[in-house]
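**Q** To get the working numbering, take the position in the sequence shown, counting from 1, and add 9.
Keep in mind the hints are simulated off the structure, nothing from the lab.
We treat Cβ as the ideally placed atom computed from N, Cα and C, and that holds for glycine.
A hint or two may mislead.
Said to hold, decoys possible - Derived DSS-like pairs (lysine-lysine); straight-line CA-CA distance at most 30 Å: (1) 232 / 290; (2) 96 / 136; (3) 83 / 244; (4) 244 / 232; (5) 244 / 165; (6) 188 / 244; (7) 187 / 165; (8) 290 / 244.
Said to hold, decoys possible - Label pairs and their computed distance ranges (CB to CB): (9) 32 / 62: 33 to 43 Å; (10) 120 / 87: 32 to 42 Å; (11) 134 / 64: 38 to 48 Å; (12) 87 / 45: 52 to 62 Å; (13) 257 / 188: 49 to 59 Å; (14) 220 / 131: 19 to 29 Å.
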Amino acid sequence: FLQRINETSATGDLNTANARIVDPAVVPVIPAKPKKSLIAALALVVSGMFAVMCAFLLEALNNTIKTTDDIEHKLQASMLGLLPLLKKAKSGASYKAFIDSRDQGFSEAVRTIRTGIVLSSLDSPHKTLSVSSTCPGEGKTSTAISLACSLGQMEKTLLIDADMRRPSIGRALGLDRKKPGLSALVAGTADLSDCIQPYAEGDIDVMLAGLIPPNPLELLSSKRFAQALRVLEDKYERIVIDLPPCQAVSDALAIAPLVGAMVYVVKADSTSATQVKAGLKRLRDINAPLVGVVLNQVDLDKSARYYGADYYSGYYDSYGYVEENSKARDAKIKAA
10 FLQRINETSA
20 TGDLNTANAR
30 IVDPAVVPVI
40 PAKPKKSLIA
50 ALALVVSGMF
60 AVMCAFLLEA
70 LNNTIKTTDD
80 IEHKLQASML
90 GLLPLLKKAK
100 SGASYKAFID
110 SRDQGFSEAV
120 RTIRTGIVLS
130 SLDSPHKTLS
140 VSSTCPGEGK
150 TSTAISLACS
160 LGQMEKTLLI
170 DADMRRPSIG
180 RALGLDRKKP
190 GLSALVAGTA
200 DLSDCIQPYA
210 EGDIDVMLAG
220 LIPPNPLELL
230 SSKRFAQALR
240 VLEDKYERIV
250 IDLPPCQAVS
260 DALAIAPLVG
270 AMVYVVKADS
280 TSATQVKAGL
290 KRLRDINAPL
300 VGVVLNQVDL
310 DKSARYYGAD
320 YYSGYYDSYG
330 YVEENSKARD
340 AKIKAA
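Using the sequences plus the hints, can you model the full thing?
**A** Right, dumping it as structure tokens:
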């Protein structure tokens, strides 16, 4: 017992350690948490899924006219043809794209539309043709100019600028806008010969809008305009009239009963189907001679990625218009 007391007294002043070193501490090379690579991978997957969902949602909410199927199913209208989007076009280049020999694809698309119009009335050809759209900025003026120039290659053609609100043909073709035009002819203040200007590049004659009247609708719906149109039909084989948008004003509705055919221009991936339906309904309510719809400014590269390279086969065909064939054709023309 005394021995145990002595041992306890001797060891009572000793400090015993509560821990011991098993391994020395080493500074880690990479952090244990957070796992950045896992977080980045999960963020990439989640963001990709969210982007796909947003793309499908935007596509479902997009109510614009993008393809020929939209025209035939959403609008219940016949498709005349389409015009491709001009890449890096200068200001005003679209007005003369048909005449410009460097863009053979656009010229061939216009000829396809011309063929559709001609074939729609073989027994009784449409002598007077009008071009309109739903709202401004859809390319109806450039379509009217291109169509008139294509018809001018076959027949004696007159292009009339009947957009008395915002006339643009004179500026687009570089003609004298100070000369009398349609308004002077209808008012009887100028002779027919003074109101017509030749456009040598397109091999057509052009009648500009002239002095803008205070109420264009009364001028276009008057009996004098109908009489002037009949006189022009006796002098020309084809007459192409550029009309204002039918949803903006009612000028197109007043002229529709006087023409033989009407072409409706729709800008691709821009104008909503609801607006186009409303415009077509206004024309159908007055029994306008609508022959078809032209889908304008179609991005063929984008459509090829989404719908396939052969989606627009038949409506747009640039067969044979590669650079080598163009050079060979030009060489033959020079040799001849």
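**Q** Determine for every hint whether it applies to the structure shown.
**A** Evaluation of the provided hints:
1. 232 / 290: The hint holds at about 26 Å.
2. 96 / 136: Since the Cα atoms of residue 96 and residue 136 sit roughly 33 Å apart, the hinted pair is violated (cutoff 30 Å).
3. 83 / 244: violated (40 Å)
4. 244 / 232: Distance ~19 Å between residue 244 and residue 232 Cα, so the pair holds.
5. 244 / 165: Judged against 30 Å, a Cα distance of about 9 Å means the pair holds.
6. 188 / 244: Judged against 30 Å, a Cα distance of about 21 Å means the pair holds.
7. 187 / 165: Roughly 25 Å separates the two Cα atoms, so the pair holds.
8. 290 / 244: violated (33 Å)
9. 32 / 62: 33 to 43 Å: This hint is violated: roughly 50 Å between Cβ atoms.
10. 120 / 87: 32 to 42 Å: At 18 Å between Cβs, range violated.
11. 134 / 64: 38 to 48 Å: holds (47 Å)
12. 87 / 45: 52 to 62 Å: At roughly 59 Å between Cβ atoms, residue 45 and residue 87 fall inside 52 to 62 Å, so the hint holds.
13. 257 / 188: 49 to 59 Å: violated (27 Å)
14. 220 / 131: 19 to 29 Å: violated (39 Å)
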